[in-house]
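Given these sequences and hints, build the entire structure.
Chains as they are written, first to last, in this note's numbering: chain W, 1 to 99; chain A, 100 to 536.
Calculated from the structure, these hints are not laboratory results. A few of these clues could be false.
[As the list claims (entries may be wrong)] With a straight-line Cα cutoff of 30 Å, these simulated DSBU-like cross-link-like pairs (lysine-lysine) come out: (1) W:74 - A:217; (2) W:74 - A:466; (3) W:14 - A:385; (4) A:448 - W:47; (5) A:417 - W:30; (6) A:227 - W:74; (7) W:30 - W:3; (8) W:42 - A:448; (9) A:217 - W:14; (10) A:448 - W:3; (11) A:390 - W:74; (12) A:239 - W:74; (13) W:55 - A:448; (14) A:227 - W:55; (15) A:417 - W:74.
Spelled out from the first residue to the last, the chains are:
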Amino acid sequence: MKKLINYTKILRSKNAGPLFITFDLIFNSKEDMEYVEKRLKKSDISKAYAVNEEKIDIISYGVVNSIKITFPRKNISGSLCDNDIYGCQMHMPLANIEI
Amino acid sequence: MKIVALNGLLGYGYSEEALNTAFSEKVDYLGVDAGSTDPGPYYLGSGKSFTDRGAVKRDLALALPKALEHKAPFIIGTAGGAGSDEHVKWLKEILLEVAAEQSLSFKLGTVLSDVSTKYVLDKFESGKLINMSDEFPVNKQAIEESTRIVSQIGIAPVIKLLEENADVILCGRACDTAIYAAPCIYEGYKEGLSFHMAKIMECGAMCSEPVAAADVMQGYMYDDYFELRPANPIRKCTVDRVAAHTLYEQSNPYLIFEPDGVCDLTNSKFTQVDERTVRVSGSEFKEAEEKTLKLEGVKCSGYRTICPATIYDTDTIKNIDLIINTVTEFVKENTKNTLPENSYEINFKLNGGAESSLGVIIDVVGKTQEVADTVCALARSRMLHCDYEGRKSTAGNLAFMFSPSDIHVGAVYEFSVFHLAKVSSLLETAKISVEEV
Numbered sequence: 001m002k003k004l005i006n007y008t009k010i011l012r013s014k015n016a017g018p019l020f021i022t023f024d025l026i027f028n029s030k031e032d033m034e035y036v037e038k039r040l041k042k043s044d045i046s047k048a049y050a051v052n053e054e055k056i057d058i059i060s061y062g063v064v065n066s067i068k069i070t071f072p073r074k075n076i077s078g079s080l081c082d083n084d085i086y087g088c089q090m091h092m093p094l095a096n097i098e099i
Numbered sequence: 100m101k102i103v104a105l106n107g108l109l110g111y112g113y114s115e116e117a118l119n120t121a122f123s124e125k126v127d128y129l130g131v132d133a134g135s136t137d138p139g140p141y142y143l144g145s146g147k148s149f150t151d152r153g154a155v156k157r158d159l160a161l162a163l164p165k166a167l168e169h170k171a172p173f174i175i176g177t178a179g180g181a182g183s184d185e186h187v188k189w190l191k192e193i194l195l196e197v198a199a200e201q202s203l204s205f206k207l208g209t210v211l212s213d214v215s216t217k218y219v220l221d222k223f224e225s226g227k228l229i230n231m232s233d234e235f236p237v238n239k240q241a242i243e244e245s246t247r248i249v250s251q252i253g254i255a256p257v258i259k260l261l262e263e264n265a266d267v268i269l270c271g272r273a274c275d276t277a278i279y280a281a282p283c284i285y286e287g288y289k290e291g292l293s294f295h296m297a298k299i300m301e302c303g304a305m306c307s308e309p310v311a312a313a314d315v316m317q318g319y320m321y322d323d324y325f326e327l328r329p330a331n332p333i334r335k336c337t338v339d340r341v342a343a344h345t346l347y348e349q350s351n352p353y354l355i356f357e358p359d360g361v362c363d364l365t366n367s368k369f370t371q372v373d374e375r376t377v378r379v380s381g382s383e384f385k386e387a388e389e390k391t392l393k394l395e396g397v398k399c400s401g402y403r404t405i406c407p408a409t410i411y412d413t414d415t416i417k418n419i420d421l422i423i424n425t426v427t428e429f430v431k432e433n434t435k436n437t438l439p440e441n442s443y444e445i446n447f448k449l450n451g452g453a454e455s456s457l458g459v460i461i462d463v464v465g466k467t468q469e470v471a472d473t474v475c476a477l478a479r480s481r482m483l484h485c486d487y488e489g490r491k492s493t494a495g496n497l498a499f500m501f502s503p504s505d506i507h508v509g510a511v512y513e514f515s516v517f518h519l520a521k522v523s524s525l526l527e528t529a530k531i532s533v534e535e536v
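Listed below in structure tokens is the structure:
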């Protein structure tokens, strides 16, 4: 078991508009991407971010050995409870998921 | 056809030499994005720009004479950071200042894209508003409370102004892609390629190595493909960078949603042409049956006062939940006769949480600045001296970094509208005008 971040070359989060958060996982090789693709579970992401599984989109983008994950932000950007307006520091719960 | 992107955001800067290099051959169009919703709702609400006036003027002052000299229409999207009428006014003033200082004359086309509360309410009543996220449903009261609402225009108003031979096109809130896709489509190039190239170019040299939003990018459009090459010789476009860029800030790497339809990148091919140039082909476009425009609106949620502080005492850190509850109850009790109900919201924003230190920001948003001040001061003093079992550091719980400890942040805005509106025409919200400068 390794943490997800240890399989990736790039692991980042960013708003896709103020209502959504999107994560890009970019891997060094096709093998790494496929290895994670097979093992990354929506239920783990759901637990890490307290978001319903059916709201999570996981899309593989093989052109650059990457996986994209998108779901709605619970506190939309700039709402009173929001702590990350750009959403660029929301990736650690994902990074720490054990694969 | 050659189109140049000044940079990823007007006011973020670029290399003057790179601009000169880009204009050392014939340039047909110049574009720049001047705004974003990234910095949050405040800027749309306040009418202010998150970019600096001086930096914006510098970026314009070098580029404008080049564009005019080359007869390359200069398209500026989302003026002033948020693209409302107020923001367009701000950028237009800078543009006119530059023109006067350099004795430049040109035909200026402007697209304003503010919409009235009534326009949005009518859309709501006729069932023409679509949620973008279930977490943020259409809300009539929020529409009514909105202080400013903009529509995000697509390519149609820009093409209209190109037809009128405008030399400079200043847009209110616009899709980033409209800046670069409009001239390509106007010249008859394929929509799929035009939107895809536009999506990559709108961030300037972000798709190159070393990466930079703050530099010049060059796009070359052909019948069946387009090519990208950074103007600055220290940078290069690689297949990986260019392909990866379609991931950035997008919810789906294969689909780019536009007011006119969807750009589908499933069959896009990326080829390295030379060390610094990437060719892209195969991107397709599917026109939407129903056209939509995105509406962005904000409301004022009150006035903010904050108090930032640090806790270093490990026992205090361990008791933080109890302290926060005590302080919250204390404030409630002490204001129940003096402040109307629901006149403030208090949040304790905790940063870090390592054993050695915990950052705390007491964040109060009140109906007025006075209410926020009152609540923040009460919470701060109570938190400073809040007791807990076994407390040894009885002189105070908080290390303040500043005097005064409490800071006025001012008006707070939140998004009230962020929805798609079905429209009968993509020009429906655009107020287009042309004038000689």
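Comparing the hints with the structure gives:
Of the pairs offered as hints, the one joining residue 74 of chain W and residue 217 of chain A holds, with about 29 Å between alpha carbons and a cut-off of 30 Å not exceeded. The hinted pair formed by residue 74 of chain W and residue 466 of chain A meets the criterion: a straight-line CA distance of about 24 Å does not exceed 30 Å. Restraint check for residue 14 of chain W and residue 385 of chain A: the C-alpha separation of about 27 Å stays at or below 30 Å, so the hint holds. For a cut-off of 30 Å, the pair hint linking residue 448 of chain A to residue 47 of chain W stands: about 22 Å separates their Cα positions.
With a C-alpha separation of about 45 Å, the suggested pairing of residue 417 of chain A with residue 30 of chain W is violated against the 30 Å cut-off. Under the criterion of a C-alpha separation no larger than 30 Å, the hint pairing residue 227 of chain A with residue 74 of chain W is consistent with the structure, at around 25 Å. For the proposed pair residue 30 of chain W and residue 3 of chain W, the alpha carbon gap of about 18 Å is at most 30 Å, so the pair holds. The hinted pair formed by residue 42 of chain W and residue 448 of chain A meets the criterion: a straight-line CA distance of about 29 Å does not exceed 30 Å.
Note on residue 217 of chain A and residue 14 of chain W: the hinted pairing is violated, with a Cα-Cα distance of about 33 Å set against a maximum of 30 Å. For the hint pairing residue 448 of chain A with residue 3 of chain W, the CA-to-CA distance comes to about 28 Å; that is within 30 Å, so the pair holds. For the proposed pair residue 390 of chain A and residue 74 of chain W, the alpha carbon gap of about 28 Å is at most 30 Å, so the pair holds. For a cut-off of 30 Å, the pair hint linking residue 239 of chain A to residue 74 of chain W stands: about 21 Å separates their Cα positions.
Restraint check for residue 55 of chain W and residue 448 of chain A: satisfied, since their Cα atoms lie roughly 27 Å apart, inside the 30 Å limit. The hinted pair formed by residue 227 of chain A and residue 55 of chain W meets the criterion: a straight-line CA distance of about 24 Å does not exceed 30 Å. Between residue 417 of chain A and residue 74 of chain W, the direct Cα distance comes to roughly 27 Å. Compliance with the 30 Å bound is thereby established for this hinted pair.
Consistency note: the structure conflicts with the earlier hints numbered 5, 9.
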